[in-house]
Amino acid sequence: MPELPEVETVTQSVKKHLLGNNFDSIQVNWKKTLHNFKISDFNNKIKGRNIENVYRKGKYIVIVFKSVFLCVHLRMTGKLYAANSIEKDKKHISLFLTIGDKYLVFEDVRKFGRFYMFDNLDFLDNKLGIEPLSEGFSENWILNQIKERKRQMKSLLLDQSFICGIGNIYADEALWYAKIHPLSNSSSISKKKILNLRKGIIKVLKESIKRGGTTIRDYTYDFSYVGNYALKLNVFGKEGKKCPRCFSVIIKTKVAQRGTHYCPRCQIKR
DNA sequence: AGTATTCCCTGTTCGC
DNA sequence: TGCGAACAGGGAATAC
Ligand SMILES: [Zn+2]
Numbered sequence: 001m002p003e004l005p006e007v008e009t010v011t012q013s014v015k016k017h018l019l020g021n022n023f024d025s026i027q028v029n030w031k032k033t034l035h036n037f038k039i040s041d042f043n044n045k046i047k048g049r050n051i052e053n054v055y056r057k058g059k060y061i062v063i064v065f066k067s068v069f070l071c072v073h074l075r076m077t078g079k080l081y082a083a084n085s086i087e088k089d090k091k092h093i094s095l096f097l098t099i100g101d102k103y104l105v106f107e108d109v110r111k112f113g114r115f116y117m118f119d120n121l122d123f124l125d126n127k128l129g130i131e132p133l134s135e136g137f138s139e140n141w142i143l144n145q146i147k148e149r150k151r152q153m154k155s156l157l158l159d160q161s162f163i164c165g166i167g168n169i170y171a172d173e174a175l176w177y178a179k180i181h182p183l184s185n186s187s188s189i190s191k192k193k194i195l196n197l198r199k200g201i202i203k204v205l206k207e208s209i210k211r212g213g214t215t216i217r218d219y220t221y222d223f224s225y226v227g228n229y230a231l232k233l234n235v236f237g238k239e240g241k242k243c244p245r246c247f248s249v250i251i252k253t254k255v256a257q258r259g260t261h262y263c264p265r266c267q268i269k270r
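Here the first sequence is numbered in the working numbering, starting from 1 and rising by one per residue.
Among the clues, some could well be false.
Unchecked claim - The following label-pair restraints were derived from C-beta to C-beta distances:
{"#": "1", "residue 1": "Val-109", "residue 2": "Leu-231", "range": "22 to 28 Å"}
{"#": "2", "residue 1": "Lys-192", "residue 2": "Asp-119", "range": "40 to 46 Å"}
{"#": "3", "residue 1": "Gly-237", "residue 2": "Ser-161", "range": "50 to 56 Å"}
What the hints assert, rightly or not - Heads up, simulated EDC-like pairs for lysine to aspartate or glutamate below, C-alpha to C-alpha not over 16 Å straight-line:
{"#": "4", "residue 1": "Lys-57", "residue 2": "Glu-131"}
{"#": "5", "residue 1": "Lys-31", "residue 2": "Asp-41"}
{"#": "6", "residue 1": "Lys-191", "residue 2": "Glu-207"}
{"#": "7", "residue 1": "Lys-15", "residue 2": "Glu-52"}
{"#": "8", "residue 1": "Lys-203", "residue 2": "Glu-131"}
{"#": "9", "residue 1": "Lys-199", "residue 2": "Asp-119"}
{"#": "10", "residue 1": "Lys-252", "residue 2": "Glu-239"}
{"#": "11", "residue 1": "Lys-90", "residue 2": "Asp-218"}
{"#": "12", "residue 1": "Lys-192", "residue 2": "Glu-131"}
{"#": "13", "residue 1": "Lys-206", "residue 2": "Glu-131"}
{"#": "14", "residue 1": "Lys-91", "residue 2": "Asp-218"}
{"#": "15", "residue 1": "Lys-199", "residue 2": "Glu-135"}
Keep in mind that the hints were calculated from the coordinates and are not lab data. Yeah, the Cβ is synthetic: ideal placement off N, Cα and C, and Gly gets one too.
Kindly produce the complete structure, drawing on both the sequences and the hints.
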């Protein structure tokens, strides 16, 4: 469910509750949620330690301690929020942590979400590609990098080791913006379109962050707020509707096993 | 190197 | 209405 704008929104919403505080305990209801550590590791390395910073990296939420990092990936249905109590009628709380008189709750219907503990961020640095909202995501960078790959464009945008943070919604929206067919090969895209793709990626991500992300069904932040970038979508979920640019009917297909929406007139395969 | 398939899970929507 | 299939903002592990 959550992509870069949603993860950024969630990160900022929990940050104010975490900074300068510390976790006293953890209760784990779904054991697989702790991907690479145990409760004893939490007790030894995190419990009682000051939270120095909280930020987003790709689609991960990174909670920084003096000598360890706690990272959270929401995957499809994960929700991370601060609460004053644990509601008994919630069926899908995978885990929660206590922080003073509050709770940091991880609720996750599909149970794909994961917590990671790292001594440093080498693992994520090696796994994740460039941050699309960083200065390094320059015109030269994307021109050089796309030429070196021979990939279906949509698959390439979803590849977190290429550009991190883009997911299914923003891949479709950025490709529509740049008039690129999702199955076009990356080696055959014109320079002009590559530069437009960069602009489109930055535009859709930034505008979505401004609006708190996109809520289709599950995603909320701060317990119950929805993101309203859904109002600004041009192709995602718009199959059967008219392209806002040329009025052709938007098509939905599958690319890289994911639902993919595009305009058959604006986005010609090359 | 790049692509397709399957799996991890539960809930909702769709088609007959 | 019922019931199974298909589908869902992600990603890892396979097999070609
Ligand atoms: Zn169009």
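Q) Honestly, which of those hints from before does the structure not fit? A) 3, 6, 9 and 12
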